[in-house]
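Novice: Quick note, the sequences are listed as chains A and B, same order. The letter at position 20 of the first sequence is residue 279 when you use the numbering used here, and the numbering goes up by one with no holes. The letter at position 24 of the second sequence is residue 1267 when you use the numbering used here, and the numbering goes up by one with no holes.
Keep in mind the hints are simulated off the structure, nothing from the lab. Quick reminder that beta carbons are idealized off the backbone N, C-alpha and C, glycines included. One or more hints might be untrue.
[Claimed, not checked] With a Cα cut of at most 20 Å, we get these calculated SDA-like pairs of lysine to any residue:
| # | chain 1 | residue 1 | chain 2 | residue 2 |
| --- | --- | --- | --- | --- |
| 1 | B | 1311 | A | 319 |
| 2 | B | 1280 | B | 1348 |
| 3 | B | 1340 | A | 268 |
| 4 | A | 303 | B | 1340 |
| 5 | A | 316 | B | 1338 |
| 6 | B | 1269 | B | 1340 |
| 7 | B | 1280 | A | 366 |
| 8 | A | 303 | B | 1251 |
| 9 | A | 268 | B | 1284 |
| 10 | B | 1302 | B | 1338 |
| 11 | A | 273 | A | 324 |
| 12 | B | 1340 | A | 331 |
| 13 | B | 1280 | A | 347 |
| 14 | A | 303 | B | 1282 |
| 15 | B | 1269 | A | 318 |
| 16 | A | 303 | B | 1247 |
| 17 | B | 1340 | A | 309 |
| 18 | B | 1340 | A | 317 |
| 19 | B | 1302 | B | 1322 |
| 20 | A | 303 | B | 1273 |
| 21 | B | 1280 | A | 300 |
| 22 | A | 268 | B | 1283 |
| 23 | B | 1340 | A | 324 |
| 24 | B | 1310 | B | 1278 |
| 25 | B | 1340 | A | 283 |
| 26 | B | 1340 | A | 289 |
| 27 | B | 1280 | A | 296 |
| 28 | B | 1302 | B | 1327 |
| 29 | A | 303 | B | 1286 |
| 30 | B | 1269 | A | 289 |
| 31 | B | 1340 | A | 273 |
| 32 | A | 303 | A | 314 |
| 33 | B | 1340 | A | 270 |
| 34 | B | 1340 | A | 332 |
| 35 | B | 1340 | A | 323 |
| 36 | A | 303 | B | 1249 |
| 37 | B | 1340 | A | 321 |
[Said to hold, decoys possible] Stretch-level coverage of chain A by chain B, calculated; a stretch enters the list once three of its residues show a Cβ under 8 Å from a Cβ in chain B:
| # | segment |
| --- | --- |
| 38 | 266-273 |
| 39 | 303-310 |
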Amino acid sequence: NAGVTQTPKFRILKIGQSMTLQCAQDMNHNYMYWYRQDPGMGLKLIYYSVGAGITDKGEVPNGYNVSRSTTEDFPLRLELAAPSQTSVYFCASSTPRSSNQPQHFGDGTRLSIL
Amino acid sequence: QQPVQSPQAVILREGEDAVINCSSSKALYSVHWYRQKHGEAPVFLMILLKGGEQKGHEKISASFNEKKQQSSLYLTASQLSYSGTYFCGTEPQGAQKLVFGQGTRLTINP
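Kindly generate the complete structure, drawing on both the sequences and the hints.
Specialist: Put into structure tokens, the structure is as follows:
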């Protein structure tokens, strides 16, 4: 099993550019999450989804958009990149909370906005 | 609201013990513990559910005090491989997401 796969692994953007961070999981997990992690800091939830067609905001959603058209994929869209969005982005997935299972993380996307 | 971890950093010699604490101001359903090494993704350690249970994973164990909404992670006879940053993720009752603490950086020296 590949688990949670994030692409790209690294990216440099110019201010004002747009891009989509891809996340795919092959574990048939209903729940998926996007986090950002600034240097030396903890994980901040951007958006999450409890199933296809259902998304909700996390702690820091401004400047980002998501969609969930399939169970497997949960892309994160940056419309107008700003230097404050320089960070490491992690995607995670899990089964519903009732099964008390952990979140499985992808390897991350390291994004720099210059 | 973000849980508070303490200490923020700790330095040990190999073989010493450590305790990392995680406190929340909200009633919790569960607490998750993860370890992250530099440049890598967080790796799951264990989940504590409300009910005050204590769990173990090799020489790493944890407890959850439901009344105080606090969890503690215990590392016994630390090994060099235990170095990294430890995060607690708290799941408030009724929520479907985790809120992570700011992390505790653990350094194990020979």
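Novice: For every hint, state whether the structure bears it out.
Specialist: These are the hints, each one checked on the structure:
With a C-alpha separation of about 28 Å, the suggested pair residue 1311/B and residue 319/A falls outside the 20 Å cut-off, and the hint is violated. Among the hinted pairs, residue 1280/B with residue 1348/B is consistent with the structure: their alpha-carbon atoms are about 10 Å apart, no more than 20 Å. Taken as a hint, the residue 1340/B and residue 268/A pair is broken in the structure, with Cα atoms around 25 Å apart against an allowance of 20 Å. Only pairs whose Cα atoms come within 20 Å are accepted, and residue 303/A paired with residue 1340/B is accepted, the gap being roughly 11 Å.
A hinted pair counts as satisfied when its Cα atoms are at most 20 Å apart, and residue 316/A with residue 1338/B qualifies at roughly 12 Å. For the suggested pair residue 1269/B and residue 1340/B, the alpha carbons sit about 13 Å apart, so the restraint of at most 20 Å is met. Distance hint between residue 1280/B and residue 366/A is fulfilled; the C-alpha atoms sit about 12 Å from each other, no more than 20 Å. Between the alpha carbons of residue 303/A and residue 1251/B the distance comes to roughly 17 Å, so the proposed pair stays at or under 20 Å and holds.
With a C-alpha separation of about 12 Å, the suggested pairing of residue 268/A with residue 1284/B holds against the 20 Å cut-off. Proximity of residue 1302/B to residue 1338/B is assessed by CA-CA distance (about 31 Å); at most 20 Å being required, the pair is judged violated. Distance hint between residue 273/A and residue 324/A is fulfilled; the C-alpha atoms sit about 19 Å from each other, no more than 20 Å. This hinted pair checks out: residue 1340/B and residue 331/A have alpha carbons roughly 18 Å apart, not beyond 20 Å.
A distance of roughly 14 Å separates the Cα atoms of residue 1280/B and residue 347/A; the hinted pair therefore holds under the 20 Å criterion. A hinted pair counts as satisfied when its Cα atoms are at most 20 Å apart, and residue 303/A with residue 1282/B qualifies at roughly 17 Å. The straight-line distance between the Cα atoms of residue 1269/B and residue 318/A is roughly 16 Å, inside the 20 Å bound, and the hint therefore holds. Distance hint between residue 303/A and residue 1247/B is fulfilled; the C-alpha atoms sit about 14 Å from each other, no more than 20 Å.
For the suggested pair residue 1340/B and residue 309/A, the alpha carbons sit about 10 Å apart, so the restraint of at most 20 Å is met. A hinted pair counts as satisfied when its Cα atoms are at most 20 Å apart, and residue 1340/B with residue 317/A qualifies at roughly 9 Å. Taking the CA atoms of residue 1302/B and residue 1322/B, the gap is near 9 Å; set against the 20 Å cutoff, the hint holds. At most 20 Å may separate the alpha-carbon atoms for a hinted pair to count; residue 303/A and residue 1273/B meet this at roughly 18 Å.
For the hint linking residue 1280/B to residue 300/A, the alpha-carbon distance of about 13 Å falls within 20 Å, and the restraint holds. The hinted pair formed by residue 268/A and residue 1283/B meets the criterion: a straight-line CA distance of about 12 Å does not exceed 20 Å. A hinted pair counts as satisfied when its Cα atoms are at most 20 Å apart, and residue 1340/B with residue 324/A qualifies at roughly 18 Å. At roughly 25 Å between alpha-carbon atoms, residue 1310/B and residue 1278/B are farther apart than 20 Å, so this suggested pair is violated.
Taken as a hint, the residue 1340/B and residue 283/A pair is honoured in the structure, with Cα atoms around 19 Å apart against an allowance of 20 Å. A threshold of 20 Å between alpha carbons decides the hint, and for residue 1340/B with residue 289/A the separation of about 13 Å falls inside it, so the pair holds. With a CA separation close to 13 Å, the supplied pair residue 1280/B and residue 296/A stays within the 20 Å bound. Restraint check: the Cα-Cα separation between residue 1302/B and residue 1327/B comes to about 16 Å, which is no more than 20 Å; the hinted pair holds.
With a C-alpha separation of about 16 Å, the suggested pair residue 303/A and residue 1286/B falls inside the 20 Å cut-off, and the hint holds. With a CA separation close to 25 Å, the supplied pair residue 1269/B and residue 289/A exceeds the 20 Å bound. The suggested pairing of residue 1340/B with residue 273/A is violated, with an alpha-carbon distance near 32 Å, which exceeds 20 Å. For a cut-off of 20 Å, the pair hint linking residue 303/A to residue 314/A stands: about 16 Å separates their Cα positions.
With a C-alpha separation of about 27 Å, the suggested pair residue 1340/B and residue 270/A falls outside the 20 Å cut-off, and the hint is violated. Taking the CA atoms of residue 1340/B and residue 332/A, the gap is near 18 Å; set against the 20 Å cutoff, the hint holds. With a C-alpha separation of about 18 Å, the suggested pairing of residue 1340/B with residue 323/A holds against the 20 Å cut-off. Of the supplied pair hints, the one linking residue 303/A and residue 1249/B holds, its CA atoms being roughly 18 Å apart against a limit of 20 Å.
Between residue 1340/B and residue 321/A the CA atoms are separated by roughly 18 Å; this keeps the pair inside 20 Å, and the hint holds. A count of 0 residues in the segment 266-273 of chain A with a Cβ less than 8 Å from any Cβ of chain B is obtained; the coverage claim is therefore unmet, three being the minimum. Only when three residues or more bring their CB closer than 8 Å to a CB of chain B does the claim for the segment 303-310 of chain A stand; here the count is 4, and the claim holds.
This entry does not satisfy hints 1, 3, 10, 24, 30, 31, 33 and 38, going by the numbered hints stated previously.
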